[in-house]
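Novice: For reference, the chains in residue letters:
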Amino acid sequence: MSLLAFAIIALVALGSALGLVVRRNPIHGALFLVVNLGSIAALYLMLGAEFLAAAQVIVYAGAIMVLFIFAIMVLIPGKEETGPDPRRALRLWALPVGGVLFLQVVVLLVISRGAPPAAPPAVSGGVETIGRLLFTDYLFPFELTSVLLLAAMVGVLLLARRRA
Amino acid sequence: MVPESYYLALSAALFAIGVVGVIVRRNPLVIFMSIELMLNAANLAFVAFGHRLGSPDGQVLVFFVMAVAAAEVAVGLAIIVAIFRLRRRLSVDDLNAMRW
Numbered sequence: 001m002s003l004l005a006f007a008i009i010a011l012v013a014l015g016s017a018l019g020l021v022v023r024r025n026p027i028h029g030a031l032f033l034v035v036n037l038g039s040i041a042a043l044y045l046m047l048g049a050e051f052l053a054a055a056q057v058i059v060y061a062g063a064i065m066v067l068f069i070f071a072i073m074v075l076i077p078g079k080e081e082t083g084p085d086p087r088r089a090l091r092l093w094a095l096p097v098g099g100v101l102f103l104q105v106v107v108l109l110v111i112s113r114g115a116p117p118a119a120p121p122a123v124s125g126g127v128e129t130i131g132r133l134l135f136t137d138y139l140f141p142f143e144l145t146s147v148l149l150l151a152a153m154v155g156v157l158l159l160a161r162r163r164a
Numbered sequence: 001m002v003p004e005s006y007y008l009a010l011s012a013a014l015f016a017i018g019v020v021g022v023i024v025r026r027n028p029l030v031i032f033m034s035i036e037l038m039l040n041a042a043n044l045a046f047v048a049f050g051h052r053l054g055s056p057d058g059q060v061l062v063f064f065v066m067a068v069a070a071a072e073v074a075v076g077l078a079i080i081v082a083i084f085r086l087r088r089r090l091s092v093d094d095l096n097a098m099r100w
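Protein sequence lines, in the order shown, are assigned to chains L and A. Our numbering numbers the first residue of the first sequence as 1 and each following residue consecutively. Our numbering numbers the first residue of the second sequence as 1 and each following residue consecutively.
The following block holds chain L by itself, in its conformation from the complex (with noise of 0.2 Å):
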């Protein structure tokens, strides 16, 4: 049963990947990411991790989603990637590059099949418990994060103001 779950959302997660990279409208393109960012919430889900899911349907689907929406409005897009590609030679190896990448992994994956350690236990992805790891354990790195969203915010303020 869930064996069905997952593969169907994988399905979903994975056509809306490629929809992304093959439609010429980045409108299009931002759309098939929403969906993909929201089917990979449902398999934060299924692996037992409630907050992450939240915080990816906020966060991503929510915030950052809209910045891009915002960013393809200003830019008037859809003429970009007209007319003839003047690197189509190097643009081609994409695919067998991607390739080689998944490659890869799925040989990695193969090759260390080791026996399965025990059954480790059910961990709780609820607030409490990254709350307490994250103000405990993580409390250095969580503060460095604040750090960067004000560098981040700083550095937007002085990138986005119109020079005279």
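Please keep in mind that the hints were generated in silico from the structure rather than gathered at the bench. Honestly, I wouldn't trust all of these hints.
[To be verified] Output of the computed footprint for chain A on chain L, the stretches with three or more beta carbons under 8 Å from beta carbons of chain A:
hint: 1; stretch: 3 to 17
hint: 2; stretch: 92 to 101
hint: 3; stretch: 148 to 162
Treat the numbers as computed from the prediction; the structure is a model and nothing was measured. Where is the CB? At the ideal position from N, CA and C, for every residue including glycine.
Fit chain A to the given chain L structure using the hints.
Specialist: Chain A only, in chain L's frame:
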């Protein structure tokens, strides 16, 4: 119960599709979205490994990746908008000012 290796295979496939998107596309916005795809593939692998090992540390790392991705998207889109104001065009092939 779905074996974790299925999640890892899906993660690898999503990452490979993201790499292909970064190489093939010419619109910097779509390239950014492909990078988001790759980050999400890595996140999925983190959560799958954490599930396997019975440890919540993977989920905390994904939390940090999300924060860094948000900062990266904000700065990257601001740079793209600034370049568009300067050039009135939007193709990565024009962006060779800092090329070696």
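Novice: Please go over all the hints and tell whether each is borne out by the structure.
Specialist: Structure-based check of all given hints:
no. : hint       : in the structure
1   : 3 to 17    : holds (count 6)
2   : 92 to 101  : holds (count 7)
3   : 148 to 162 : holds (count 9)
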